[in-house]
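Peer 1: Below, each chain spelled out in residue letters.
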Amino acid sequence: DLLQWPQISKCRSPEMETFSCFWTAGNFYNLTVPRILQLLYKKSNEEDWKECPDYITSGQNSCYFNASYTSVWTPYCVQLASKNEVYDKKCFSVDEIVLPDPPVHLNWTLLNTSQTGIHGDIQVRWDPPPTADVRKGWITLEYELQYKEVNETKWKELKPRLSTMVPLYSLKTARDYEIRIRSRQRTSEKFGEFSEILYVSFSQIGIGCDHCTEEVEFPWFLVVVFGVCGLAVTVISVMLSKQPRLKMLIFPPVPVPKIKGIDPDLLKKGKLDEVNSILACHDNYKTQLYIDDLWVEFIELDIEDPDEKNRASDTDRLLSEDHLKSHSSLGAKDDDSGRASCCEPDIPETDFSASDTCDATSDSDQFKKATEKEEDLLCLDRQDNDESLPSLANTDLQRQHRSTQSENSHLWAPFGGSIESPHPSVHSQISNQNSLASTDFYAQVSDITPAGRVVLSPGQKSKLGRAQREGCTEQNFTMDNTYFCEADVKKCIAVTSHEENEPRVQEQGYNEDGYFTTESLTTTVANLGASTAAPPSSEMPVADYTSIHIVQSPQGLVLNATALPVPDKEFNVSCGYVSTDQLNKIMP
Amino acid sequence: GLLLAALLVSHMLLTKEGVTSMPICPNGSVNCQLSLEELFDRAVKLSHYIHFLSSEMFNEFDERYAQGRGFIAKAVNSCHTASLTTPEDKEQAQQIHHEDLLNLILGVLRSWNDPLIHLASEVQRIKEAPETILWKAVEIEEQNKRLLEGMEKIVGRVHSGEVENEIYTPWDGLPSLQLADEDSRLFAFYNLLHCLRRDSHKIDNYLKVLKCRLIHDNNC
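Residue numbers (the UniProt record's numbering), protein chains in the order written: chain A, 1 to 588; chain B, 1 to 220.
Calculated directly from the structure, the hints in this document are not laboratory data. Any given hint could turn out to be false.
[Said to hold, decoys possible] Using C-beta positions, here's what the derived DEER-type ranges look like:
#, chain 1, residue 1, chain 2, residue 2, range
1, A, W49, B, G1, 51 to 61 Å
2, A, K50, B, E60, 32 to 42 Å
3, B, R69, A, T153, 35 to 45 Å
Nothing here was measured: the structure is a model prediction, and the numbers come from that model. Glycine included, every Cβ here is placed at the ideal spot set by N, Cα and C.
Let's have the full structure, built from the sequences with the hints guiding it.
Peer 2: Encoded structure:
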């Protein structure tokens, strides 16, 4: 048992004329001698503690102060004590402890009923508590009414009001109700006790209807059913309606993926030349031309593509600032040149060294066909210029087709563009391809003028290719840096070496990336005749950058490159790529 | 005229049960006289409003500043109006003459005029005083002025004969509201608000008693 001290539980005045204090005795008993608890009180303007005048009227453990002892706005202090000990003390003034008695004489009357007789309004009346002198205005009370159906648990509350009557609307006549009321002093917060419960039963006054026991609820089911039907009817009518506007308003067309200017059906039917033409004209594709992994395709395509002869040389175009119709390709070339710097590490491992014929196939699967086609192209190119065109077109298309499949369709755009009017231009351009200044698709940027113009090194590939037919020695190589396709050089040198009876060039000596400096190439060519001890595996001059080759040579070269005659010329390792051969050459 | 307009406006603002129809004196009319019943109605509403605000303000102050400071233990305080002998129970209120009671009411209201002005200004200097307390202090001060004017009007109507000496208790609690020690200062505020709540309740009660006695003949 918890030890409970005697304490004053509350002091209360029901009407602001008397008040009572109540306490609990606690279990702090000395069982031998029962304690006698006293309540002492003192007004604020008094000095002495006086004892409670009436211990009986309010019940046990209480003290009642009648009107003569009560001063309303005077502060009191009461304390619970026994002999020497004070257990509890409270200070208050009477106006603060007013808790009225409950109202009395609750009754109700019927105001009216609804037409169906299901609902009814009643008026509830009551009297203020008899102890409270409301008539003289000594105390002002407000009342709060609560009601509920008999079998409910939660009471509904009305707002506190001053009047002693209140109407209740829309009660169900089939049900019985309970009502209770409590009151409080108007400026207080605490309510007094509840009155007795008033029972409201309509059947007692004879207006309860038997058939009203079923509750008429809102017909949700019907509402839902009809709503759904109506909605369905509306939807169907809209869909079937011939009015396109209405249809569009309610069922807007879902956009399908579409590229402007391209008919998906066209792609399906496979009219690639048309598609290519469309794609070529698409400006969007320009930016996609130079993704790294497409680089190789570019490169490969580059070699001796007769298509390139269709166009004027890059340098020409750049220097003259002519804008061809395939401006995209020009732009491409510009970008190309810029990017075609030496430090291009991820050059794929196409194997040109498979043969020196046009059947050379590359290691890379991806570029295998392309390479084949390229070789074909070259072969075709060599064999028959004119005949190559249709096949060129075909291979181009096929290449384009493949690249379309491999999402490189845009890559061939330049070619596609050129293919637009392939035959005449090819003819004309091929016939014109004799100037020294004409370059390949690529040209290395050798310098940028202060004015901002790009100076390209004229490519010599085409020359080289041409040299294949015309003889490499006839070529007038410029001493500029130029990119050559490996195959070109290979062939040239093959021709050359054949002519000069010089060391054969092994296949693996070819540079996969196919770039050579003109210098190196020239040097090589020049050296071909001079050198007799050129290692077979490294005949090709090393370009500014070389690619990593799948090692076939016994020397285990990382790079497949030709040795530069180091003593004769400066070994320009602009990229830092050095082949083992070169190294060997350098360091005897 | 101005008083009547003010009373009318404040009555309309205070009417919580909605629009009550009452004879309205248009502004500026000279011969318009509100009935005594109307005057009492409005006075009671004002006094109830003032008591309501005082009660709330005291509760808020108690909650915010007085917790744990033991102010309640020192609740045996004396208000500056304690010198005015006002009825302390229903018997005394029944027995006192209505004119005397009216004078007493006026006296209490006048005595509170000064403290309310200072309360409104000093309470703003309490550290982090809530806006509601500040607003209520200002409102109580204004409404008290209006009630004072209304009561003077009623007294003018009711009084027969000469007006007695004005009952008035001066207030000297301003220094205590400006004490440097925060504890003492807050206790001074607590006291003042406690007294205000009590006195406003007194006035509200007295007016209701008077109204029921004079207007409704003890049958409210």
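Peer 1: Does each hint hold? Answer for all of them.
Peer 2: Hints, one by one, checked against the model:
{"no.": "1", "hint": "W49(A) <-> G1(B): 51 to 61 Å", "verdict": "holds, 57 Å"}
{"no.": "2", "hint": "K50(A) <-> E60(B): 32 to 42 Å", "verdict": "holds, 35 Å"}
{"no.": "3", "hint": "R69(B) <-> T153(A): 35 to 45 Å", "verdict": "holds, 43 Å"}
When held up to the earlier numbered hints, the structure conflicts with none and fits them all.
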